[in-house]
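Novice: Below are the chains, spelled out letter by letter.
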Amino acid sequence: MSSHDLKPLPAETRSSLLSGHDWIALVFVAMTFLIPVFSTNPQVLSQTNLILIAATAALGVYIMQRLDLMSFAVPSFMAIGGYTVALISMKLHVTDVLILAAAAFLMPALCAIPLGSLILRLKGVYFVLVTFVLTEIVQLLLFEAGPITGGANGLVGMPAVKLFGFELWDNPHVLLTTCGLAVLSFAITSLFTRTFRHEFAAIETNDVLAESLGLAAWKYKAMAFSIAAGVSGLAGFALVNMLMTAHPSSFAPMSSVNYITYTIVGGKASILGTLIGALLLVSATDYFALSGEMSPGLFGLLIIIVTLVARGGVVGVVSGLLYRLVGKTTPLNTGETGHAAQEHANQKEGRP
Amino acid sequence: MTRQALSTSALHADRIAKSFGGLKVFNDVSFTVPAGGLLGVIGPNGAGKTTMINIFTGRLSLTSGQVMLGETRIDGRSTFENALMGLVRSFQQTAIFNGHSVETNLISALRFSKRDRSVLERLAPLLDQFGLIENWHRNADVMPYGLQKMLGLAMALATQPKMLLLDEPAAGLEKSERVNIDAYVKFAQEEFGCGVLLVEHDMEIIKRLCPSVIVLDGGRLIAEGPPTEVLSRPHVINAYLGGSDEEDSDVTH
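Top line first, the protein sequences correspond to chains C and P.
The working numbering puts the first sequence at residues 986 to 1337.
The working numbering puts the second sequence at residues 31 to 283.
If you're looking for bench data, these hints aren't it; they were derived computationally from the structure.
Quick caveat: nothing in here was measured; it's all calculated off a predicted structure.
By construction, the Cβ of each residue, glycine as well, lies at the ideal position given by its N, Cα and C atoms.
No false leads were slipped in.
If you want a taste of the chain P side facing chain C, the calculated C-beta under 8 Å gives, among others:
1. F127
2. K144
3. L150
Listed below are the simulated DSS-like cross-link pairs for lysine-lysine, each with C-alpha atoms no more than 30 Å apart in a straight line:
4. C:K992 - P:K216
5. P:K144 - P:K216
6. C:K1108 - P:K54
7. C:K1204 - C:K1108
8. C:K992 - P:K205
9. P:K205 - P:K237
10. C:K1204 - P:K144
11. C:K1108 - P:K144
12. P:K216 - P:K237
13. C:K992 - P:K144
14. C:K1076 - C:K1147
15. P:K216 - P:K205
Bound-form chain C, shown alone (with noise of 0.2 Å):
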């Protein structure tokens, strides 16, 4: 080997920390601060309310799909960050969003550092079944632990929450914590998930070759769940706070296909997918005025219809139209860009 022939290794690729996708999601969901400022509709104040709630808990299956990971424990997570504050507000009186906000994203997170130890070994369809037992064993819990959780009434009569001693009260103070608590979560995840881009990436792909070069896949699968159940959490806060009781309906074990389904149909590669997806989809049970026993099944079909046809979701397929139209991709969330990044979304959609 000659030295004066030798190509010369390319320059370092560099990635921004956040992609386009993160950004526009932040921009995105730190905008509905602005809606209480137009809009005094309590219809359009309570359905953007829902809607966050909705999007920032399906951030905890998007976090657990960057390991490939399908996890049906959110509504566990939400309870309890839920309960958590419910508690510490009515029988400790404290109300600082601050404080009940650090006490909803840790009491989850802690709870899910053993619970992660046990089950963050399975795999696949063992992984689903879990997590999908875990809720019914949470919501179990909730009933049976009455002297705690209230049972079957819940907890009623939660005070309003308070930042820096001002209280928010009413419609348009609840959506503004609910914004809070969102971009709160939104960024979190955005950082959590883009600075460990690389280690996800490898434990997603092919976890064996991950480990054999010297990553301990345990440590980031670990630090996924309880950072998942800790965004879970701060849903769940949001949700107590919108309805000023903690009840165990809230955080029925077959509201974790909901969340699935805003994170699949949004299009799981990126953090925009879920926000779009919960936003589409929480519109859609509005305006077809779906009864809570019928979504499941037709989020189901919706499931299925995805994964079949168009496996991106909406942001994929979007952004699979706007490369053809402009010629040029948009960052996929592997932070791979050009030619790489367009073959590897090619190959997924089956095309040459």
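Dock chain P against the given chain C, drawing on the hints supplied.
Specialist: Below, chain P without anything else, positioned relative to chain C:
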């Protein structure tokens, strides 16, 4: 690598045995790969060669015996701990991160093994020879099989291991691509000071590269020595090759 570091990285298997239930994969096998040295491992399919690599890396546990890397006992430890200590393997099939560019694959190998980009600069001549630099930004899983295989090997070397366990690196490569394996092994030894355990079916490669081989058959170590001499022993021919005139047909597998 300093002489002191080299002396702590010999791989020593001491009377190792592995069985799955009643099935004995191998029994009472002992050998040493010297630090910076090269040992070939041959044997028919099912002789326990890949199982042995899985045990050394920590994916499987031993039934009895022990494995040492330098002064450290490594059997039963987790794969990533052993990898971070410098014991890194390659895979028989292609093993890459699908959907990512050649660059991202190599950068991931650096990140996971806590190495910096300077290792890539040192690897550049080899990467260029394999044709990986001209495919730098290509999605790795749409590259030809041979390139994917060489990328997997380059990723293992990018971790700057002390001891490389190569599981049939030439399997699936065309004859013209197999010289890359020679270049790779020589580069690993000369530039990085790696010890190499080379499991291979291609007897030409074994003869070209290995000063010494061990032969596994039916879970036992049946011969040890320089390849040309070992391969001419009648019991090795009987056990493994089934007759010396079939050697060439084995080469093409």
